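2 protein chains.
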Amino acid sequence: MKNLRIVLIGSGNVATHLAKAFTQSGCVIEQIYSRTTQAAKSLAKQYQCSFTTNLIDIYTHADLYVYAIKDDALKDIISSIKPTNGLHIHTAGSLSLTIFEGFQQNYGVWYPFQTFSKKRAVDFTNIPILYEGNTTDNELVLAALAKKISRHSLYCSSEQRKAVHLSGVFACNFTNHLYAIAAEILEESGLSFNILLPLISETAAKVKELSPCEAQTGPAVRYDNQIIEKHEEALANKPNEQEMYRLISKNIFIRSTH
Amino acid sequence: MKNLRIVLIGSGNVATHLAKAFTQSGCVIEQIYSRTTQAAKSLAKQYQCSFTTNLIDIYTHADLYVYAIKDDALKDIISSIKPTNGLHIHTAGSLSLTIFEGFQQNYGVWYPFQTFSKKRAVDFTNIPILYEGNTTDNELVLAALAKKISRHSLYCSSEQRKAVHLSGVFACNFTNHLYAIAAEILEESGLSFNILLPLISETAAKVKELSPCEAQTGPAVRYDNQIIEKHEEALANKPNEQEMYRLISKNIFIRSTH
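Read top to bottom, the protein sequences are chains R and A. The first sequence lines up with residues 2 to 259 when you count with my numbering. The second sequence lines up with residues 2 to 259 when you count with my numbering.
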């Protein structure tokens, strides 16, 4: 595969991480678009490329247009960019391939299934890349690009990708929220969140070897009423968390008996 | 500290892991009690010690009696064991120190804050040990034992320990249940749970550097109604999980705006 010339649309978290990974794989970022001059300029400086805050000025000769912007802005941006011969891809888990329909001829999705924070470096070789193209040729380009960057790439239809995204909400976003509740409970007792870190690591590591069902432990699996009641009492001043406690405990028990 | 002679009461997950850690630290397991002959025998063989299935036959000369049994069995077992001069400790997160009151003179709690599975080796040096004794002398013995085995030990009152245990239910048991739901969603779409593992690892790793609040991402923080509604629709055939989705999303949003 020849080294692709890329226009990057976006300058946030995901765009920043992608710019690095694409460049390392030999691609060349030629232009960066962002709504805000400051963000576009600072990222463009890093990759010695040009930048624009005007959709009209986006280059038309690039091989690949990577849209790494907020989901709710994607539709507007897509409809405002001139048709080109290049391959246009978005990186959103929950949006369909067909969002490009009627605006571009060559398009696809290239979804890195990971949580990105500005402050943390990520190792792309370990991130599953889920790709989909509107033609076989486009899909081959996206597959090749994924293979250059990651050891885990796979074709994934828009329908499947929605399920992947939803599974990530449970396993990442919701899990992190449980960490936040746990942190609060500890801090209210004068204890540091740090004492939870070994347990959090082990819980995550366990499911590399055991299925989550096999790995399930705690009072809810055996429906230990005495402990469950005490915990519900302890959460009396946190009605939302108490309801969450009830609901999840019930669900753990139901699943363990089926 | 002299090497303690231990009677181990229990032969399950926690007992098995503790026997190994105590022995490695120089203690000697002298006897194992279990309700079932098979379990007691097999663990006793490993440590070349005696075993019994009869509470009456428990040695009275040991330095330390370690109760590693199910929470709901603990009270009965404690009330059935003869008083001795040794130090009697339980290893349960949710039970008070005072459960030994009236039955023994020297007692305490020694709670390794981790999730144990028979199939997985654990590194005790990295497990926080939360100890508490009924006297200063007993507490010193438990602190010394904790220090021999782990790099992270701290005094923790029975009241605090209840909070610790509850925080663990959220961060470990409930988190694992979210993994189970995510696995099911993927499998129903013909995808492997394995594609979630890098995301699960990163979510757990992130909170070593960022607080869970800083680390929070996903549609609920920004209350992206379009995505949230689609997800709720996708969960239409799983009413419990749908309710969980609503409740957790709402709670993430409420906390992010406070």
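It should be emphasised that the hints constitute simulated quantities derived from the structure, not laboratory data. It is possible that some hints are incorrect.
Any copy, or any two copies together, can satisfy a pair, since identical chains are not distinguished.
With a straight-line cut-off of 30 Å between C-alpha atoms, the simulated DSBU-like cross-links for lysine-lysine are [stated by the list, open to error]: (1) Lys3 with Lys239; (2) Lys71 with Lys239; (3) Lys209 with Lys21; (4) Lys71 with Lys83; (5) Lys251 with Lys71; (6) Lys239 with Lys149; (7) Lys46 with Lys239; (8) Lys239 with Lys209; (9) Lys83 with Lys251; (10) Lys209 with Lys3; (11) Lys83 with Lys239; (12) Lys231 with Lys251; (13) Lys251 with Lys120; (14) Lys251 with Lys76; (15) Lys71 with Lys231; (16) Lys209 with Lys76; (17) Lys21 with Lys149; (18) Lys148 with Lys119; (19) Lys3 with Lys251; (20) Lys231 with Lys119; (21) Lys76 with Lys231; (22) Lys239 with Lys251; (23) Lys42 with Lys239; (24) Lys119 with Lys251.
Note that the structure is predicted; figures quoted are calculated from it, not measured.
Taking the numbered hints from earlier one at a time, note which ones the structure violates and give those numbers from smallest to largest. 1, 6, 7, 9, 10, 11, 16, 19 and 23
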